[in-house]
Amino acid sequence: MSSIIEIKDLNFTYQPGSPYQRQALKNINFILNQGEFLGIVGSNGSGKSTLVQHLNGLLSPTSGEVIVCGVDTANNEFRNQLWKQAGLVFQYPEQQLFEATIYEEVAYGPKNLGLSELDMRNRVYDALEKVGLIPRETQHLAPITLSGGMRRRVAIAGILALQPKLIIMDEPMAGLDSIGRNLMLDLMKDRKQKGNETTVMISHSLKDIWALADKIAVLDKGSLVFYGEVEKLLGKTELLTKCHLELPDYLQVVYSLAARGLKVNTTIRSIEEASSEIIKLLQEAEL
Amino acid sequence: MTDHCIELVNVTKTYRNGSDAGNNEKIALNDITLTIHEGEYIGLIGMNGSGKSTLARLLNGLIKPTTGKVNVNGMDTRSPKHLMEIRRIVGMVFQNPDNQIVCPVVEEEIAFGPENLGLASDEIKRRIDWALQIVGLEELRDHAPHLLSGGQKQKLAIASVLVMLPNYLIMDEPSSMLDPLGRQELLEHLRILNNQKGIAIIFISHNLEDLIQADRLVVLDKGSIYLQGIPREVFADEAKLAAIGLEPPGLYRLINKLGKDGYDIDDHIKTVPELVEAICHLSLR
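Top line first, the protein sequences correspond to chains S and F.
The letter at position 157 of the first sequence is residue 848 when you use the working numbering, and the numbering goes up by one with no holes.
The letter at position 141 of the second sequence is residue 514 when you use the working numbering, and the numbering goes up by one with no holes.
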């Protein structure tokens, strides 16, 4: 597998030399392979958003290297072109919509790629369908008349339409209802299944992403305190507690039962499995 | 007593649909009658677009009902002379804190409201200290709000509402930007504000996990009240919630599943450790 992101000794300080100077990232190192799904978790203020803004060249390291799609983002010429390959969806992207219709909004990025009218339309329709909007019914609507959740979908479609190799999403689930969240999860699953599409997703909640992520990065006060497979993270109860990372309730219940010496299988991945484990336990107790 | 509650009487709210010049109206709320008492802790639930935020904005007179009326402690929100007092009594924290932060320094942001009430400066200072302490932002009091993280901004927005000593506190999806610790802290603060200070909480969320500690849940769907009751009753009706795209908290889904198989779990469970305790208890019998 080839790597799509390589970060070496990355440090970043906001407003160096001013009274507001603050080191937001400390000595970050990791490699992400193409096609993988990386979940970034950590408390508010741990540096998650700062980190991902390095991945599409919005921020440049104070020191260290950020190599995305094989090129160092310190290279200005490359950095200015990086948006075509690394699409970033900001926090609350629904606030950045500005076009008069949904179609124009989603087409804004592709238009700047110099595509033909037909290619552009295909991409826009495809992107709208991926976020659960029916192109023929919605393309002429004004984004401003939609609810926040719907506008979020439009904003995400705008990035999907660029068809970037790497999509980076900063808290895309925040404030969405369960339909919106499930749609977002399906979108991620779909990208994963394609095999070569890489996704980086920030979440303050491990619950949202643990089942999907190939790799998890845990940030704590600007440092990368864990990077690796989810399974390895689940066993690190001290780290989970220290970084205030919550597992889903059913996993917590099963882990607590196991910790009390009861015979339960802790490799479960769903609430159904948790429930049948517990029922098995209770039935055995009755015998 | 109408003096100690917010009353919505047959409230309907319609919006004109955007750019359309025609007679295209969208009904955001349809004939809502609801009373929220001082000291109550209400969870207001519904999907995106169900009318939650519209309802919240009606409660402090930010918008007016198209028909019907809203009374806050006996004052009609349509009457301009009462608006200032209504908005002090009914504090509101919006979904996105950036929308309500206006000052360049955290402390000034919190002082903004009370200064407009014409309070003495030592009283303002005392209240600021109190509000900062409640949300845990004491260390950042001299900071610039735009340099705070999303969750810190949300705490700031809450502090600047608390400082007005409201009788009712409306929180429109306040936990969406918070990490689990921040969320737990927020829920704990709200519980204390509700229990000890008697401030009514109206907590809007589509995440039912946030609402376990509410006294009463009001579920909205397509602008109407769909379901109402104490949390565990509402959570028990999984099919009815699923019909409008809602899911009970994981803990209750697990409890409901165990119940289906004949293992009844105590009604009063609200946390993971309590459930673990109950299961251990059952397994020992």
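It is possible that part of the hints are untrue.
Derived DEER-like restraints, expressed as beta-carbon distance ranges [what the hints assert, rightly or not]:
id : chain 1 : residue 1 : chain 2 : residue 2 : range
1  : F       : 610       : S       : 873       : 19 to 29 Å
2  : S       : 974       : F       : 383       : 49 to 59 Å
3  : S       : 974       : F       : 554       : 32 to 42 Å
4  : S       : 808       : F       : 632       : 28 to 38 Å
Derived by calculation from the structure, the hints in this document are not laboratory data.
A virtual CB, placed ideally from N, CA and C, is assigned to each residue, including glycine.
* Which of the numbered hints above does this structure break? -> 4
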